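Colleague: Letter 77 of the sequence shown, counting from 1, is numbered 77 in UniProt numbering, and no numbers are missing.
Certain hints may be false.
Unchecked claim - DSSO-like cross-link-like pairs, simulated, lysine-lysine; straight-line CA separation at most 30 Å:
id: 1; residue 1: 84; residue 2: 181
id: 2; residue 1: 467; residue 2: 520
id: 3; residue 1: 457; residue 2: 428
id: 4; residue 1: 457; residue 2: 520
id: 5; residue 1: 161; residue 2: 511
id: 6; residue 1: 467; residue 2: 157
Unchecked claim - Simulated restraints on C-beta separations:
id: 7; residue 1: 484; residue 2: 83; range: 21 to 27 Å
id: 8; residue 1: 205; residue 2: 163; range: 46 to 52 Å
id: 9; residue 1: 516; residue 2: 224; range: 17 to 23 Å
id: 10; residue 1: 160; residue 2: 480; range: 33 to 39 Å
id: 11; residue 1: 190; residue 2: 498; range: 18 to 24 Å
Think of the hints as simulated: they come from the structure by calculation, not from any bench.
Keep in mind that this is a model prediction, so the values were computed, not measured.
Cβ atoms here follow ideal geometry from the backbone N, Cα and C, with glycine treated the same way.
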Amino acid sequence: MDDPSKQRRWHSTENKSEGRTRQHAPKAAPEFHPTVWGDFFINYEPQPLQACMLRPEKWMRERSDQLRKDVSQLFDAFDGVAEKMNLVDMLQRLGIDHLFEEEIATTLNTIHGAEFDSPSLHDVALRLYNAANLLTHNEEALQEAISFSRHHLELMKSNLKSPLAEQVSRALQIPLSRNLKRVEALSYILEYNVHEQTYNPSILELAKLDFNLLQHIHQRELKTITQWWEDLSNDIGLDYIRDRIVECYFWSYSMYFEEEYTRARMILAKFFMLTSLLDDTYDTHATLEECRNLNVAIQSWDESDISVLPDYLKKFFLKVMSNFVEFENELEPHIRHRNAYNRKVFQLLSGYYLQEAEWFHHNYIPSFKEQIEVSVMSAGIQALSVCILVGMGNIVTEETLEWAIGNNDAVRAGGEVARFMDDMAAFKNGRNKLDVASSVECYIKEYNVTSEVALAKIGSLVEDAWKTINQAHIDRRELLPFVHRVTNLSRSMAILFLDKRDAYTYSKDFKRTMESHFVKPIPL
(Lines of atoms letter the chains of each structure in order from A; the text may use other names.)
(Lines give C-alpha, C1' and ligand atoms only; values in the text may rest on other atoms or scores of the structure.)
Protein backbone atom coordinates (compact mmCIF):
# COMPACT_ATOMS: atom_id res chain seq x y z
CA MET A 1 0.00 0.00 0.00
CA ASP A 2 1.37 3.43 -0.91
CA ASP A 3 1.98 6.16 1.68
CA PRO A 4 -1.49 7.73 2.19
CA SER A 5 0.02 11.19 1.94
CA LYS A 6 1.05 10.41 -1.64
CA GLN A 7 -2.16 8.73 -2.70
CA ARG A 8 -4.29 10.17 -5.46
CA ARG A 9 -7.77 11.17 -4.36
CA TRP A 10 -11.06 12.14 -5.99
CA HIS A 11 -11.30 15.87 -6.59
CA SER A 12 -12.64 18.45 -9.02
CA THR A 13 -10.06 19.81 -11.41
CA GLU A 14 -10.19 22.81 -13.67
CA ASN A 15 -9.33 21.92 -17.25
CA LYS A 16 -8.04 25.22 -18.60
CA SER A 17 -7.79 24.15 -22.22
CA GLU A 18 -11.35 22.93 -22.30
CA GLY A 19 -12.66 25.73 -20.15
CA ARG A 20 -14.68 23.51 -17.83
CA THR A 21 -14.53 21.77 -14.49
CA ARG A 22 -14.34 17.98 -14.57
CA GLN A 23 -15.91 16.35 -11.56
CA HIS A 24 -14.12 13.04 -10.98
CA ALA A 25 -16.33 11.85 -8.16
CA PRO A 26 -18.85 9.38 -9.64
CA LYS A 27 -22.55 9.45 -9.01
CA ALA A 28 -24.02 7.06 -6.45
CA ALA A 29 -25.98 4.00 -7.49
CA PRO A 30 -29.66 3.68 -6.61
CA GLU A 31 -30.57 1.50 -3.65
CA PHE A 32 -30.94 -2.19 -4.43
CA HIS A 33 -34.57 -2.94 -5.15
CA PRO A 34 -36.20 -6.01 -3.55
CA THR A 35 -36.41 -9.20 -5.54
CA VAL A 36 -38.87 -8.92 -8.41
CA TRP A 37 -39.99 -12.49 -7.73
CA GLY A 38 -41.15 -12.34 -4.12
CA ASP A 39 -42.18 -15.86 -3.09
CA PHE A 40 -43.25 -16.80 -6.61
CA PHE A 41 -41.02 -19.84 -7.07
CA ILE A 42 -41.24 -20.97 -3.44
CA ASN A 43 -45.02 -21.17 -3.78
CA TYR A 44 -44.91 -22.20 -7.43
CA GLU A 45 -46.16 -25.65 -8.23
CA PRO A 46 -45.10 -26.52 -11.77
CA GLN A 47 -48.13 -27.89 -13.53
CA PRO A 48 -47.85 -31.40 -14.89
CA LEU A 49 -46.82 -31.05 -18.49
CA GLN A 50 -50.03 -32.68 -19.66
CA ALA A 51 -51.98 -29.80 -18.09
CA CYS A 52 -50.22 -27.12 -20.10
CA MET A 53 -49.35 -29.14 -23.20
CA LEU A 54 -52.50 -31.28 -23.35
CA ARG A 55 -50.22 -34.33 -23.63
CA PRO A 56 -48.93 -36.72 -20.95
CA GLU A 57 -45.25 -36.24 -20.11
CA LYS A 58 -44.54 -39.87 -20.94
CA TRP A 59 -45.96 -39.33 -24.44
CA MET A 60 -43.90 -36.17 -24.84
CA ARG A 61 -40.67 -37.95 -23.99
CA GLU A 62 -41.46 -40.85 -26.30
CA ARG A 63 -42.41 -38.46 -29.08
CA SER A 64 -39.19 -36.52 -28.53
CA ASP A 65 -37.14 -39.72 -28.82
CA GLN A 66 -38.86 -40.65 -32.09
CA LEU A 67 -38.38 -37.19 -33.57
CA ARG A 68 -34.74 -37.29 -32.58
CA LYS A 69 -34.32 -40.46 -34.65
CA ASP A 70 -36.16 -38.91 -37.58
CA VAL A 71 -34.06 -35.74 -37.57
CA SER A 72 -30.86 -37.75 -37.21
CA GLN A 73 -31.57 -39.36 -40.58
CA LEU A 74 -31.50 -35.95 -42.26
CA PHE A 75 -27.72 -35.81 -41.90
CA ASP A 76 -27.45 -38.59 -44.47
CA ALA A 77 -30.30 -37.32 -46.62
CA PHE A 78 -28.60 -34.04 -47.58
CA ASP A 79 -25.70 -34.02 -50.05
CA GLY A 80 -24.98 -30.37 -50.73
CA VAL A 81 -22.75 -28.18 -48.56
CA ALA A 82 -25.42 -25.49 -48.27
CA GLU A 83 -28.05 -28.03 -47.17
CA LYS A 84 -25.76 -29.53 -44.54
CA MET A 85 -24.75 -26.08 -43.25
CA ASN A 86 -28.38 -25.02 -43.05
CA LEU A 87 -29.28 -28.15 -41.09
CA VAL A 88 -26.49 -27.64 -38.55
CA ASP A 89 -27.30 -23.94 -38.32
CA MET A 90 -30.99 -24.64 -37.69
CA LEU A 91 -30.32 -27.21 -34.99
CA GLN A 92 -27.90 -24.89 -33.21
CA ARG A 93 -30.19 -21.88 -33.37
CA LEU A 94 -33.18 -23.93 -32.23
CA GLY A 95 -31.18 -25.04 -29.19
CA ILE A 96 -31.28 -28.78 -29.94
CA ASP A 97 -27.76 -29.32 -31.23
CA HIS A 98 -26.94 -30.94 -27.87
CA LEU A 99 -29.08 -33.87 -29.04
CA PHE A 100 -26.93 -34.39 -32.16
CA GLU A 101 -23.36 -33.74 -31.07
CA GLU A 102 -21.82 -36.72 -32.91
CA GLU A 103 -23.76 -36.13 -36.11
CA ILE A 104 -22.85 -32.43 -36.16
CA ALA A 105 -19.16 -33.12 -35.54
CA THR A 106 -19.08 -35.60 -38.42
CA THR A 107 -20.92 -33.22 -40.73
CA LEU A 108 -18.66 -30.27 -39.96
CA ASN A 109 -15.59 -32.38 -40.64
CA THR A 110 -17.09 -33.38 -43.97
CA ILE A 111 -17.86 -29.86 -45.15
CA HIS A 112 -14.76 -28.19 -43.69
CA GLY A 113 -13.08 -26.24 -46.43
CA ALA A 114 -15.89 -26.80 -48.91
CA GLU A 115 -17.15 -23.77 -50.78
CA PHE A 116 -20.41 -22.21 -49.67
CA ASP A 117 -22.52 -20.56 -52.31
CA SER A 118 -25.82 -18.76 -51.77
CA PRO A 119 -27.81 -16.61 -54.17
CA SER A 120 -29.05 -14.44 -51.31
CA LEU A 121 -26.98 -11.33 -50.58
CA HIS A 122 -28.81 -10.92 -47.26
CA ASP A 123 -27.98 -14.51 -46.29
CA VAL A 124 -24.32 -14.11 -47.23
CA ALA A 125 -24.01 -10.75 -45.43
CA LEU A 126 -25.51 -12.14 -42.22
CA ARG A 127 -23.34 -15.30 -42.33
CA LEU A 128 -20.23 -13.21 -43.17
CA TYR A 129 -20.99 -10.89 -40.22
CA ASN A 130 -21.58 -13.70 -37.69
CA ALA A 131 -18.55 -15.65 -38.88
CA ALA A 132 -16.26 -12.60 -38.89
CA ASN A 133 -17.04 -12.00 -35.23
CA LEU A 134 -15.00 -15.12 -34.47
CA LEU A 135 -11.88 -13.16 -35.39
CA THR A 136 -8.71 -13.29 -33.32
CA HIS A 137 -5.92 -10.73 -32.85
CA ASN A 138 -4.26 -9.17 -35.89
CA GLU A 139 -6.92 -10.30 -38.37
CA GLU A 140 -7.47 -6.97 -40.08
CA ALA A 141 -9.27 -8.57 -43.03
CA LEU A 142 -11.96 -9.97 -40.76
CA GLN A 143 -12.18 -6.67 -38.91
CA GLU A 144 -12.85 -4.99 -42.25
CA ALA A 145 -15.41 -7.69 -43.07
CA ILE A 146 -17.26 -6.90 -39.84
CA SER A 147 -17.34 -3.18 -40.66
CA PHE A 148 -18.40 -3.86 -44.24
CA SER A 149 -21.13 -6.37 -43.45
CA ARG A 150 -22.39 -4.38 -40.46
CA HIS A 151 -22.71 -1.27 -42.62
CA HIS A 152 -24.70 -3.12 -45.27
CA LEU A 153 -26.87 -4.92 -42.73
CA GLU A 154 -27.71 -1.57 -41.12
CA LEU A 155 -28.69 -0.18 -44.52
CA MET A 156 -30.85 -3.11 -45.56
CA LYS A 157 -32.52 -4.09 -42.27
CA SER A 158 -35.45 -1.69 -42.68
CA ASN A 159 -36.31 -3.33 -46.02
CA LEU A 160 -36.06 -6.93 -44.83
CA LYS A 161 -39.03 -9.14 -44.19
CA SER A 162 -39.63 -11.28 -41.13
CA PRO A 163 -37.89 -13.35 -39.83
CA LEU A 164 -34.65 -12.14 -41.44
CA ALA A 165 -35.30 -8.61 -40.19
CA GLU A 166 -35.45 -9.81 -36.58
CA GLN A 167 -32.37 -11.99 -37.00
CA VAL A 168 -30.36 -9.11 -38.43
CA SER A 169 -31.44 -6.80 -35.59
CA ARG A 170 -30.40 -9.39 -32.98
CA ALA A 171 -27.06 -9.98 -34.67
CA LEU A 172 -26.33 -6.26 -34.76
CA GLN A 173 -27.03 -6.09 -31.03
CA ILE A 174 -25.15 -9.27 -30.10
CA PRO A 175 -23.37 -11.31 -32.79
CA LEU A 176 -24.57 -14.90 -32.89
CA SER A 177 -21.24 -16.25 -31.63
CA ARG A 178 -21.62 -14.13 -28.47
CA ASN A 179 -25.24 -14.99 -27.79
CA LEU A 180 -26.43 -17.72 -25.43
CA LYS A 181 -27.94 -20.71 -27.18
CA ARG A 182 -31.02 -20.74 -25.00
CA VAL A 183 -31.72 -17.05 -25.65
CA GLU A 184 -31.35 -17.42 -29.41
CA ALA A 185 -33.48 -20.59 -29.35
CA LEU A 186 -36.47 -18.82 -27.84
CA SER A 187 -36.50 -16.29 -30.67
CA TYR A 188 -35.66 -18.69 -33.44
CA ILE A 189 -38.33 -21.25 -32.47
CA LEU A 190 -40.97 -18.57 -33.03
CA GLU A 191 -39.44 -17.54 -36.36
CA TYR A 192 -38.60 -20.93 -37.79
CA ASN A 193 -42.04 -21.88 -39.08
CA VAL A 194 -42.01 -19.03 -41.58
CA HIS A 195 -38.79 -20.28 -43.17
CA GLU A 196 -40.53 -21.70 -46.23
CA GLN A 197 -37.41 -23.07 -47.91
CA THR A 198 -35.89 -24.80 -44.89
CA TYR A 199 -38.93 -25.49 -42.75
CA ASN A 200 -39.16 -29.00 -41.34
CA PRO A 201 -42.09 -29.64 -38.98
CA SER A 202 -40.30 -32.51 -37.22
CA ILE A 203 -37.36 -30.27 -36.31
CA LEU A 204 -39.66 -27.56 -34.98
CA GLU A 205 -41.76 -29.99 -32.96
CA LEU A 206 -38.63 -31.52 -31.45
CA ALA A 207 -37.31 -28.07 -30.50
CA LYS A 208 -40.55 -27.17 -28.73
CA LEU A 209 -40.79 -30.48 -26.91
CA ASP A 210 -37.17 -30.33 -25.81
CA PHE A 211 -37.52 -26.76 -24.54
CA ASN A 212 -40.64 -27.53 -22.54
CA LEU A 213 -39.32 -30.77 -21.07
CA LEU A 214 -36.17 -29.01 -19.93
CA GLN A 215 -38.12 -26.01 -18.64
CA HIS A 216 -40.08 -28.33 -16.37
CA ILE A 217 -36.82 -29.54 -14.85
CA HIS A 218 -35.63 -25.96 -14.41
CA GLN A 219 -38.87 -25.02 -12.65
CA ARG A 220 -38.39 -27.79 -10.08
CA GLU A 221 -34.80 -26.67 -9.53
CA LEU A 222 -35.91 -23.07 -9.03
CA LYS A 223 -38.40 -24.10 -6.39
CA THR A 224 -35.64 -25.98 -4.55
CA ILE A 225 -33.04 -23.23 -4.77
CA THR A 226 -35.37 -20.40 -3.79
CA GLN A 227 -36.30 -22.40 -0.69
CA TRP A 228 -32.58 -22.86 0.01
CA TRP A 229 -32.12 -19.11 -0.31
CA GLU A 230 -35.07 -18.26 1.94
CA ASP A 231 -33.70 -20.53 4.66
CA LEU A 232 -30.20 -19.09 4.27
CA SER A 233 -31.27 -15.46 4.19
CA ASN A 234 -33.50 -15.92 7.24
CA ASP A 235 -30.59 -17.45 9.14
CA ILE A 236 -28.00 -14.78 8.33
CA GLY A 237 -30.38 -11.81 8.21
CA LEU A 238 -28.40 -9.55 5.88
CA ASP A 239 -30.63 -6.67 4.84
CA TYR A 240 -28.09 -4.81 2.68
CA ILE A 241 -27.57 -7.40 -0.06
CA ARG A 242 -28.99 -7.93 -3.54
CA ASP A 243 -31.78 -10.52 -3.22
CA ARG A 244 -31.16 -12.10 -6.61
CA ILE A 245 -31.35 -15.89 -6.33
CA VAL A 246 -33.44 -16.33 -9.51
CA GLU A 247 -30.94 -14.17 -11.39
CA CYS A 248 -28.10 -16.30 -9.98
CA TYR A 249 -29.91 -19.39 -11.23
CA PHE A 250 -30.32 -17.77 -14.66
CA TRP A 251 -26.57 -17.18 -14.74
CA SER A 252 -25.92 -20.81 -13.84
CA TYR A 253 -28.49 -22.02 -16.36
CA SER A 254 -26.67 -19.93 -18.96
CA MET A 255 -23.59 -22.11 -18.44
CA TYR A 256 -25.43 -25.38 -18.92
CA PHE A 257 -29.16 -25.91 -19.43
CA GLU A 258 -29.01 -29.62 -20.30
CA GLU A 259 -30.77 -32.18 -18.11
CA GLU A 260 -27.61 -34.05 -17.12
CA TYR A 261 -26.11 -30.99 -15.43
CA THR A 262 -28.66 -30.52 -12.65
CA ARG A 263 -26.08 -31.02 -9.89
CA ALA A 264 -23.53 -28.72 -11.50
CA ARG A 265 -26.20 -26.09 -12.15
CA MET A 266 -27.40 -26.08 -8.54
CA ILE A 267 -23.89 -25.93 -7.02
CA LEU A 268 -22.95 -23.08 -9.35
CA ALA A 269 -26.14 -21.08 -8.62
CA LYS A 270 -25.50 -21.34 -4.88
CA PHE A 271 -21.84 -20.39 -5.38
CA PHE A 272 -22.97 -17.38 -7.44
CA MET A 273 -25.21 -16.28 -4.57
CA LEU A 274 -22.52 -16.73 -1.92
CA THR A 275 -20.02 -14.66 -3.95
CA SER A 276 -22.69 -12.01 -4.49
CA LEU A 277 -23.22 -11.83 -0.70
CA LEU A 278 -19.48 -11.52 -0.19
CA ASP A 279 -19.25 -8.77 -2.80
CA ASP A 280 -22.13 -6.80 -1.28
CA THR A 281 -20.64 -7.13 2.21
CA TYR A 282 -17.34 -5.60 1.11
CA ASP A 283 -18.93 -3.05 -1.24
CA THR A 284 -21.93 -1.74 0.67
CA HIS A 285 -21.74 -2.46 4.38
CA ALA A 286 -18.66 -3.72 6.25
CA THR A 287 -16.16 -1.40 7.90
CA LEU A 288 -12.54 -1.78 6.87
CA GLU A 289 -11.72 -3.58 10.10
CA GLU A 290 -14.62 -5.96 9.54
CA CYS A 291 -13.42 -6.58 5.97
CA ARG A 292 -9.95 -7.43 7.20
CA ASN A 293 -11.20 -9.77 9.91
CA LEU A 294 -13.63 -11.48 7.55
CA ASN A 295 -10.83 -12.07 5.07
CA VAL A 296 -8.64 -13.56 7.83
CA ALA A 297 -11.42 -16.00 8.70
CA ILE A 298 -11.98 -16.94 5.05
CA GLN A 299 -8.26 -17.47 4.42
CA SER A 300 -7.87 -19.73 7.45
CA TRP A 301 -11.22 -21.47 6.87
CA ASP A 302 -11.37 -22.09 10.61
CA GLU A 303 -14.36 -21.51 12.86
CA SER A 304 -12.05 -20.50 15.68
CA ASP A 305 -11.21 -17.28 13.81
CA ILE A 306 -14.74 -15.88 13.98
CA SER A 307 -14.51 -14.54 17.53
CA VAL A 308 -13.45 -11.08 16.32
CA LEU A 309 -16.28 -10.86 13.79
CA PRO A 310 -19.56 -9.07 14.51
CA ASP A 311 -22.55 -11.37 14.84
CA TYR A 312 -23.84 -10.74 11.32
CA LEU A 313 -20.51 -11.82 9.80
CA LYS A 314 -20.18 -14.80 12.13
CA LYS A 315 -23.48 -16.13 10.84
CA PHE A 316 -22.49 -15.43 7.25
CA PHE A 317 -19.09 -17.10 7.49
CA LEU A 318 -20.46 -20.20 9.21
CA LYS A 319 -23.13 -20.55 6.54
CA VAL A 320 -20.49 -20.25 3.82
CA MET A 321 -18.52 -23.04 5.44
CA SER A 322 -21.56 -25.30 5.85
CA ASN A 323 -22.57 -24.79 2.22
CA PHE A 324 -19.11 -25.76 1.03
CA VAL A 325 -19.43 -28.95 3.06
CA GLU A 326 -22.73 -29.59 1.30
CA PHE A 327 -21.07 -29.01 -2.09
CA GLU A 328 -18.47 -31.64 -1.25
CA ASN A 329 -21.06 -34.11 -0.04
CA GLU A 330 -22.91 -33.84 -3.35
CA LEU A 331 -19.84 -35.12 -5.21
CA GLU A 332 -18.84 -38.76 -5.58
CA PRO A 333 -15.99 -39.76 -3.24
CA HIS A 334 -13.38 -39.93 -6.02
CA ILE A 335 -14.00 -36.28 -7.10
CA ARG A 336 -14.64 -34.64 -3.72
CA HIS A 337 -11.14 -33.18 -3.76
CA ARG A 338 -12.44 -30.74 -6.41
CA ASN A 339 -14.15 -28.78 -3.66
CA ALA A 340 -10.71 -27.66 -2.51
CA TYR A 341 -10.47 -25.75 -5.80
CA ASN A 342 -13.84 -24.15 -5.03
CA ARG A 343 -12.65 -23.09 -1.60
CA LYS A 344 -9.36 -21.75 -2.96
CA VAL A 345 -10.98 -19.46 -5.53
CA PHE A 346 -13.47 -18.21 -2.94
CA GLN A 347 -10.49 -17.30 -0.75
CA LEU A 348 -8.75 -15.59 -3.66
CA LEU A 349 -11.90 -13.62 -4.44
CA SER A 350 -12.12 -12.43 -0.83
CA GLY A 351 -8.53 -11.18 -1.07
CA TYR A 352 -9.31 -9.15 -4.19
CA TYR A 353 -12.43 -7.69 -2.55
CA LEU A 354 -10.32 -6.72 0.47
CA GLN A 355 -7.75 -4.96 -1.71
CA GLU A 356 -10.52 -2.88 -3.27
CA ALA A 357 -11.89 -2.12 0.22
CA GLU A 358 -8.43 -0.95 1.32
CA TRP A 359 -8.26 1.37 -1.67
CA PHE A 360 -11.70 2.77 -1.00
CA HIS A 361 -11.29 3.36 2.73
CA HIS A 362 -7.93 5.06 2.15
CA ASN A 363 -9.51 7.18 -0.60
CA TYR A 364 -6.83 5.81 -2.91
CA ILE A 365 -7.28 6.02 -6.66
CA PRO A 366 -5.17 3.35 -8.33
CA SER A 367 -3.53 3.74 -11.69
CA PHE A 368 -5.43 2.21 -14.57
CA LYS A 369 -2.98 -0.71 -14.65
CA GLU A 370 -3.26 -1.28 -10.89
CA GLN A 371 -7.02 -1.10 -11.07
CA ILE A 372 -7.52 -3.69 -13.77
CA GLU A 373 -4.95 -6.08 -12.27
CA VAL A 374 -7.22 -6.39 -9.25
CA SER A 375 -10.67 -5.66 -10.66
CA VAL A 376 -10.43 -8.18 -13.51
CA MET A 377 -9.92 -10.79 -10.81
CA SER A 378 -12.62 -9.39 -8.51
CA ALA A 379 -15.07 -9.75 -11.41
CA GLY A 380 -15.15 -13.37 -10.26
CA ILE A 381 -14.77 -15.15 -13.58
CA GLN A 382 -11.79 -17.20 -12.39
CA ALA A 383 -13.78 -18.36 -9.35
CA LEU A 384 -16.89 -19.11 -11.38
CA SER A 385 -14.91 -20.90 -14.10
CA VAL A 386 -13.59 -23.31 -11.49
CA CYS A 387 -17.02 -23.84 -9.96
CA ILE A 388 -18.52 -24.52 -13.40
CA LEU A 389 -16.29 -27.60 -13.59
CA VAL A 390 -16.64 -28.92 -10.03
CA GLY A 391 -20.05 -30.54 -10.43
CA MET A 392 -19.81 -31.65 -14.07
CA GLY A 393 -18.89 -35.29 -13.51
CA ASN A 394 -16.09 -37.53 -14.71
CA ILE A 395 -15.42 -35.64 -17.94
CA VAL A 396 -13.51 -33.01 -15.95
CA THR A 397 -9.81 -33.77 -15.44
CA GLU A 398 -7.16 -32.30 -13.15
CA GLU A 399 -5.68 -30.60 -16.20
CA THR A 400 -9.00 -28.83 -16.78
CA LEU A 401 -9.23 -27.61 -13.20
CA GLU A 402 -5.63 -26.38 -13.25
CA TRP A 403 -6.33 -24.54 -16.52
CA ALA A 404 -9.33 -22.77 -14.96
CA ILE A 405 -7.68 -21.83 -11.68
CA GLY A 406 -4.56 -20.73 -13.59
CA ASN A 407 -6.59 -17.83 -15.04
CA ASN A 408 -5.36 -18.49 -18.58
CA ASP A 409 -6.59 -17.20 -21.97
CA ALA A 410 -10.39 -17.57 -22.04
CA VAL A 411 -10.68 -17.32 -18.25
CA ARG A 412 -8.61 -14.15 -17.97
CA ALA A 413 -10.30 -12.63 -21.03
CA GLY A 414 -13.69 -13.54 -19.58
CA GLY A 415 -12.75 -11.54 -16.50
CA GLU A 416 -11.94 -8.59 -18.73
CA VAL A 417 -15.29 -8.83 -20.51
CA ALA A 418 -17.10 -9.01 -17.17
CA ARG A 419 -15.14 -6.22 -15.50
CA PHE A 420 -15.24 -3.76 -18.35
CA MET A 421 -18.91 -4.29 -19.18
CA ASP A 422 -19.80 -4.05 -15.49
CA ASP A 423 -17.77 -0.86 -15.11
CA MET A 424 -19.36 0.76 -18.15
CA ALA A 425 -22.79 -0.07 -16.72
CA ALA A 426 -21.79 1.27 -13.30
CA PHE A 427 -20.54 4.48 -14.88
CA LYS A 428 -23.96 4.91 -16.47
CA ASN A 429 -26.08 3.81 -13.51
CA GLY A 430 -23.91 4.86 -10.55
CA ARG A 431 -21.74 2.79 -8.25
CA ASN A 432 -22.25 1.48 -4.72
CA LYS A 433 -21.25 3.69 -1.83
CA LEU A 434 -18.16 1.63 -0.92
CA ASP A 435 -17.09 0.71 -4.46
CA VAL A 436 -13.53 1.48 -5.48
CA ALA A 437 -12.94 3.71 -8.49
CA SER A 438 -13.83 1.81 -11.67
CA SER A 439 -11.65 1.22 -14.71
CA VAL A 440 -13.58 3.96 -16.55
CA GLU A 441 -13.00 6.47 -13.77
CA CYS A 442 -9.32 5.55 -13.42
CA TYR A 443 -8.80 5.95 -17.16
CA ILE A 444 -10.45 9.38 -17.12
CA LYS A 445 -8.30 10.43 -14.18
CA GLU A 446 -4.97 9.10 -15.45
CA TYR A 447 -5.25 10.22 -19.07
CA ASN A 448 -7.27 13.38 -18.47
CA VAL A 449 -9.88 12.49 -21.09
CA THR A 450 -13.62 12.82 -21.39
CA SER A 451 -15.97 10.04 -20.39
CA GLU A 452 -16.76 9.42 -24.06
CA VAL A 453 -13.09 8.74 -24.84
CA ALA A 454 -12.73 6.51 -21.78
CA LEU A 455 -15.84 4.50 -22.59
CA ALA A 456 -14.66 4.02 -26.17
CA LYS A 457 -11.32 2.75 -24.88
CA ILE A 458 -12.92 0.35 -22.41
CA GLY A 459 -15.26 -0.86 -25.15
CA SER A 460 -12.26 -1.61 -27.37
CA LEU A 461 -10.74 -3.66 -24.55
CA VAL A 462 -13.92 -5.75 -24.46
CA GLU A 463 -13.47 -6.43 -28.18
CA ASP A 464 -9.82 -7.40 -27.60
CA ALA A 465 -10.89 -9.80 -24.86
CA TRP A 466 -13.34 -11.49 -27.24
CA LYS A 467 -10.49 -12.02 -29.71
CA THR A 468 -8.53 -13.79 -26.97
CA ILE A 469 -11.56 -15.94 -26.18
CA ASN A 470 -11.90 -16.85 -29.86
CA GLN A 471 -8.20 -17.74 -30.01
CA ALA A 472 -8.62 -20.06 -27.02
CA HIS A 473 -11.13 -22.10 -29.02
CA ILE A 474 -8.31 -22.72 -31.50
CA ASP A 475 -5.42 -23.19 -29.09
CA ARG A 476 -7.25 -25.29 -26.49
CA ARG A 477 -8.79 -27.95 -28.70
CA GLU A 478 -8.22 -30.62 -26.04
CA LEU A 479 -10.22 -28.52 -23.56
CA LEU A 480 -12.81 -27.26 -26.02
CA PRO A 481 -15.97 -28.45 -24.18
CA PHE A 482 -14.80 -26.59 -21.09
CA VAL A 483 -13.62 -23.52 -22.98
CA HIS A 484 -17.13 -23.39 -24.39
CA ARG A 485 -18.75 -23.53 -20.92
CA VAL A 486 -16.42 -20.84 -19.58
CA THR A 487 -17.14 -18.69 -22.64
CA ASN A 488 -20.80 -18.85 -21.70
CA LEU A 489 -19.88 -16.62 -18.76
CA SER A 490 -18.81 -13.94 -21.22
CA ARG A 491 -21.90 -14.55 -23.36
CA SER A 492 -24.10 -14.05 -20.32
CA MET A 493 -22.32 -10.75 -19.64
CA ALA A 494 -23.10 -9.62 -23.19
CA ILE A 495 -26.79 -10.12 -22.43
CA LEU A 496 -27.04 -8.93 -18.83
CA PHE A 497 -24.94 -5.81 -19.50
CA LEU A 498 -26.33 -5.04 -22.97
CA ASP A 499 -26.36 -1.31 -23.72
CA LYS A 500 -24.62 -0.58 -20.39
CA ARG A 501 -27.51 -1.86 -18.29
CA ASP A 502 -27.00 -4.05 -15.22
CA ALA A 503 -29.77 -6.62 -15.43
CA TYR A 504 -28.48 -8.49 -12.38
CA THR A 505 -28.51 -5.63 -9.89
CA TYR A 506 -31.47 -3.84 -11.50
CA SER A 507 -33.41 -6.82 -12.77
CA LYS A 508 -36.92 -5.38 -13.07
CA ASP A 509 -36.59 -4.92 -16.82
CA PHE A 510 -35.11 -8.40 -17.18
CA LYS A 511 -37.99 -10.20 -15.49
CA ARG A 512 -39.93 -10.73 -18.72
CA THR A 513 -36.91 -12.43 -20.28
CA MET A 514 -36.57 -14.77 -17.31
CA GLU A 515 -40.29 -15.53 -17.40
CA SER A 516 -39.94 -16.70 -20.98
CA HIS A 517 -37.22 -19.11 -19.89
CA PHE A 518 -38.66 -20.36 -16.60
CA VAL A 519 -42.42 -19.77 -16.48
CA LYS A 520 -44.05 -19.82 -19.90
CA PRO A 521 -43.98 -23.03 -21.97
CA ILE A 522 -43.88 -22.83 -25.75
CA PRO A 523 -47.23 -23.83 -27.29
CA LEU A 524 -46.94 -26.97 -29.40
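Colleague: For each hint, tell me whether it holds in the structure or not.
Modeller: Results of checking the hints against the structure:
1. Distance restraint check for residue 84 and residue 181: the Cα-Cα separation of roughly 20 Å lies within the 30 Å cut-off, and the hinted pair is therefore satisfied.
2. For a cut-off of 30 Å, the pair hint linking residue 467 to residue 520 is broken: about 36 Å separates their Cα positions.
3. The hinted pair formed by residue 457 and residue 428 meets the criterion: a straight-line CA distance of about 15 Å does not exceed 30 Å.
4. Taking the CA atoms of residue 457 and residue 520, the gap is about 40 Å. The hint is violated against a cut of 30 Å.
5. Between residue 161 and residue 511 the CA atoms are separated by roughly 29 Å; this keeps the pair inside 30 Å, and the hint holds.
6. Annotation: proposed proximity of residue 467 to residue 157 holds, straight-line Cα distance about 27 Å (limit 30 Å).
7. Range check, residue 484 to residue 83: Cβ separation about 26 Å, and the 21 to 27 Å hint holds.
8. Restraint check, residue 205 to residue 163: a C-beta distance of roughly 18 Å breaks the suggested window 46 to 52 Å.
9. Remark: the range hint 17 to 23 Å for residue 516 to residue 224 is upheld by a beta-carbon distance near 21 Å.
10. The hinted window of 33 to 39 Å between residue 160 and residue 480 holds, with their beta carbons roughly 34 Å apart.
11. Taking 18 to 24 Å as the suggested C-beta distance range, the pair residue 190 and residue 498 conforms, at roughly 20 Å.
When each numbered hint is compared with the structure, violations occur for hints 2, 4 and 8.
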